[in-house]
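J.: Sequence:
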Amino acid sequence: MFSTVNTLTLVSGLLSSAGPALGHSWIDEFQVIGPNGSYTGDRGFARGYVARTDPSFNGFSVNYQVPSDESGRIRINSSDLLCHPSQRASNYTNPSYPMLQVQPGSHVAMKYLENGHVTLPWNQLGKPKAGGTVFVYGTTQPSESEKMVDVLRWTKDGKGGNGRGFLMAAQAYDDGRCHQLNCGNVSLARQVLYPNHVPGQPTSSLEQWCESNVHIPASQPEGRLTVYWVWQWPTEPNADCTYPGGKDEYYTTCADFNVVNSVPRPASSHTLAQENYYNCEQMCTCIQISTEN
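The sequence shown lines up with residues -23 to -1, 1 to 270 when you count with mature numbering (1 follows the signal peptide of the UniProt record, and there is no 0).
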């Protein structure tokens, strides 16, 4: 286990040699929040999930940017698919990373690492405060060819856009507690205010998850509920000379929840350790859909 001092030294060195700015975040795990505010039950995972500790993991295993850098576009358009290629179908073939089991009326924590987008906000020009906005959408009529622009038109009442889904939540990317372990002032303050220790090791330090919290409607019928986590992290106009007109930038995670009448007692925890992940690359309160045809 890294000590805090060694970790901060490592991060400081990485910052001095950081390369081009990259955005990346995805949901690492889902967990039901119990009535007392604590996590309860087995964890669930995204479709086709690959953990950072898996041998097959690479930087693109679950990270999905829209529009992609390869597209050469700075605006989303009607051709952009919403989900990562491995997440366009309900792909739960690895028993280590099961679908979340949840009851109607429950609250769910969607956990992700902030990767410096919160604690090192000065590393990229023109980015929104609080790391941008996370939108969570639900549907019982998912499509393998789900389009970004269609889902962004869904509304809380389920009547927006094509009417196949509904907006479940809209929240700041920064939940006010999460932090990467680095030498920035935001991280240093949160390491004191919201420490995250290895159980039984009170002097240890781990990253603190960010969370998007969503409520499963009490009226949600039993069966599969598909959930889309959409992070909006645009560049504003006239802030970065690379993108004088600004730039759209979204990241998504697609998952399925199994909505059940009762959740069985966990047979195993499927715990995904919160890794010591020290990646220090230089890094809206409303949806703004700007598209190219």
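No lab work stands behind these hints, which were simulated from the structure alone.
Where hints are given, some of them may not hold.
Calculated lysine to any residue pairs in the SDA-like style (CA-CA distance at most 20 Å, straight line) [as the list claims (entries may be wrong)]:
hint, residue 1, residue 2
1, 88, 110
2, 124, 141
3, 224, 86
4, 88, 141
5, 106, 226
6, 124, 198
7, 88, 198
8, 133, 198
9, 106, 148
10, 106, 154
Pairwise CB distance ranges (calculated) [as the list claims (entries may be wrong)]:
hint, residue 1, residue 2, range
11, 102, 122, 33 to 39 Å
12, 166, 213, 37 to 43 Å
13, 106, 241, 37 to 43 Å
14, 239, 134, 27 to 33 Å
15, 177, 30, 16 to 22 Å
16, 52, 181, 23 to 29 Å
17, 162, 141, 42 to 48 Å
18, 29, 192, 24 to 30 Å
19, 162, 136, 26 to 32 Å
Yeah, the Cβ is synthetic: ideal placement off N, Cα and C, and Gly gets one too.
J.: The structure should be examined with respect to each hint, and the outcome stated for every one.
T.: How the hints compare with the structure:
A C-alpha spacing of about 15 Å is found between residue 88 and residue 110, which places the hinted pair at or below 20 Å, so the restraint holds. Our distance criterion of 20 Å between C-alpha atoms is met by residue 124 and residue 141, whose separation comes to about 12 Å. Our distance criterion of 20 Å between C-alpha atoms is broken by residue 224 and residue 86, whose separation comes to about 29 Å. In summary, the hint linking residue 88 to residue 141 is not supported, as the alpha carbons are separated by about 26 Å, beyond the 20 Å threshold.
The hinted pair formed by residue 106 and residue 226 meets the criterion: a straight-line CA distance of about 15 Å does not exceed 20 Å. At most 20 Å may separate the alpha-carbon atoms for a hinted pair to count; residue 124 and residue 198 exceed this at roughly 25 Å. Pair hint residue 88 plus residue 198 does not hold up; C-alpha atoms about 24 Å apart against a cutoff of 20 Å. For the hint linking residue 133 to residue 198, the alpha-carbon distance of about 17 Å falls within 20 Å, and the restraint holds.
A C-alpha spacing of about 12 Å is found between residue 106 and residue 148, which places the hinted pair at or below 20 Å, so the restraint holds. Distance hint between residue 106 and residue 154 is fulfilled; the C-alpha atoms sit about 15 Å from each other, no more than 20 Å. Between residue 102 and residue 122 the Cβ separation comes to about 35 Å, which falls inside the hinted range of 33 to 39 Å. Taking the beta carbon of each, residue 166 and residue 213 are about 26 Å apart, not inside 37 to 43 Å as hinted.
For the pair residue 106 and residue 241, the supplied restraint of 37 to 43 Å holds, since their beta-carbon distance comes to about 42 Å. One distance hint, 27 to 33 Å for the beta-carbon pair residue 239 and residue 134, holds here, with the actual separation near 29 Å. Judged by the Cβ atoms, the range 16 to 22 Å given for residue 177 and residue 30 holds: they are separated by roughly 21 Å. Between residue 52 and residue 181 the CB atoms are about 44 Å apart, so this pair departs from the stated range of 23 to 29 Å.
Taken as a hint, the range 42 to 48 Å holds for the pair residue 162 and residue 141, whose Cβ atoms sit roughly 44 Å apart. For the pair residue 29 and residue 192, the supplied restraint of 24 to 30 Å holds, since their beta-carbon distance comes to about 29 Å. A hinted range of 26 to 32 Å for the beta carbons of residue 162 and residue 136 is inconsistent with their spacing of about 44 Å.
Hint compliance for this structure: hints 3, 4, 6, 7, 12, 16, 19 are broken, all remaining hints hold.
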